[in-house]
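Undergrad: So you can see what is in the structure, the chains are spelled out below.
Number of protein chains: 2
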Amino acid sequence: MTRFKLDHFLPYQIAVLSSRVSDGFARHYRDTYGISVSEWRVVAHLSQSDSVSVREIHKRVDMDKPKVSRAASRLETAGYVTKTVNPADRRLVELKLTGKGREMIEALSPIADAYQAKLEALLSDPEEFRRQIAQLSNELVSQPRVDD
Amino acid sequence: MTRFKLDHFLPYQIAVLSSRVSDGFARHYRDTYGISVSEWRVVAHLSQSDSVSVREIHKRVDMDKPKVSRAASRLETAGYVTKTVNPADRRLVELKLTGKGREMIEALSPIADAYQAKLEALLSDPEEFRRQIAQLSNELVSQPRVDD
DNA sequence: GGCAGATTGTTTTAAACGAAACGAAAGACC
DNA sequence: GGTCTTTCGTTTCGTTTAAAACAATCTGCC
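These protein sequence lines are chains A and E, in that order. Going by our numbering, the first sequence opens with residue -16, and the numbers climb by one from there. Going by our numbering, the second sequence opens with residue -16, and the numbers climb by one from there.
A few of these clues could be false.
Pairs involving identical chains hold if they fit within one copy or between any two copies, as the list cannot separate such chains.
[Unchecked claim] Taking lysine to any residue pairs in the SDA-like style, the calculated list, with each CA pair at most 25 Å apart, reads:
hint, residue 1, residue 2
1, K101, V124
2, K101, R113
3, K79, D(-10)
4, K48, R85
5, K79, V37
6, K101, A61
7, K101, N69
8, K48, E110
9, K83, Q118
10, K(-12), R3
11, K(-12), G82
12, K50, D(-10)
13, K101, R(-14)
14, K(-12), A9
15, K42, A100
16, K79, F(-13)
17, K66, K101
The set of hints was computed from the structure by calculation and includes no laboratory data. All values reported here derive from a predicted model rather than from experimental measurement.
Hey, can you work out the whole structure from these sequences and the hints?
TA: Written as structure tokens, this is what we have:
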């Protein structure tokens, strides 16, 4: 019986925290719009930058290529997003929010902000916490894989 | 083009951090012992408490029942764990580390500690960070599902 | 004892996943 | 132009997942 305390292990604690924090908001968009976390991320990113390629999202949003591709396809069939081949470079697929997609993000955006405010209200020093997260995260950027 | 900044969204930041932090150590036990995160969690918990039921792990380790059950089965076929029906209550399955399993956790445990130390060295105030995580996590304990 | 309800662990099902392979298109080089 | 390499997005393959259904066992109560 070796003594290793999982509940004091930082990666475990962060993983548990992450899934709880995520669930609190994921519930909203899952129940209301039927989208998943991956899809939420794509839409959220699309709300910042009008028209974006799959590749761009893959790089900016911490998801691998197939995951972005699939999320985009689901969002397209659900009518939240359009996919068009970029005529200048026909390898690229441009993703764009539809009216329905824009409505969704416009409804979700204030809820997300409120949720974030609620989270920060639970912390004694939100700014410091945020700083620590950013610092750790930056130190741990994984080496780019061989493929991409 | 609604303005919502995903990279400033706390749940997203934490999720990214979590996967990076987790990967740093998961790499070790995946490459060396061929086990996954779920399996690591089960073994790690078993190292604390000699013989434990699936249910116990499910409750203590933030994994749902099927996930624990499958992780346990994989660990059993890999020879790290034995499963025995509890004679006092034959619904219960007692999980126990084999010699091989104990060797594994004994090899991994110091690596885990070292990794944790490395993480904490990256933080200006590790104790404060830990405290904030615990606080947030506790506030967000999700309601128990209807089933279990 | 016997039977309704609760509990435990596994299995079923449909969906999602990661890794690798793939085809199509673009770029580099001669 | 032609060929080789790189890039981009999708698809394939096998595995894992969550949610629900399931069988087996136990408990409480008559």
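Undergrad: Indicate, hint by hint, whether the structure satisfies it.
TA: Do the hints match the structure? See the list:
| no. | hint | in the structure |
| --- | --- | --- |
| 1 | K101 to V124 | between (28 Å within a copy, 15 Å between copies) |
| 2 | K101 to R113 | both (14 Å within a copy, 19 Å between copies) |
| 3 | K79 to D(-10) | between (43 Å within a copy, 19 Å between copies) |
| 4 | K48 to R85 | within (24 Å within a copy, 38 Å between copies) |
| 5 | K79 to V37 | within (11 Å within a copy, 46 Å between copies) |
| 6 | K101 to A61 | neither (30 Å within a copy, 44 Å between copies) |
| 7 | K101 to N69 | neither (41 Å within a copy, 45 Å between copies) |
| 8 | K48 to E110 | neither (32 Å within a copy, 37 Å between copies) |
| 9 | K83 to Q118 | neither (37 Å within a copy, 38 Å between copies) |
| 10 | K(-12) to R3 | both (21 Å within a copy, 21 Å between copies) |
| 11 | K(-12) to G82 | between (50 Å within a copy, 19 Å between copies) |
| 12 | K50 to D(-10) | between (31 Å within a copy, 18 Å between copies) |
| 13 | K101 to R(-14) | between (37 Å within a copy, 20 Å between copies) |
| 14 | K(-12) to A9 | between (30 Å within a copy, 16 Å between copies) |
| 15 | K42 to A100 | neither (27 Å within a copy, 30 Å between copies) |
| 16 | K79 to F(-13) | between (49 Å within a copy, 15 Å between copies) |
| 17 | K66 to K101 | neither (35 Å within a copy, 44 Å between copies) |
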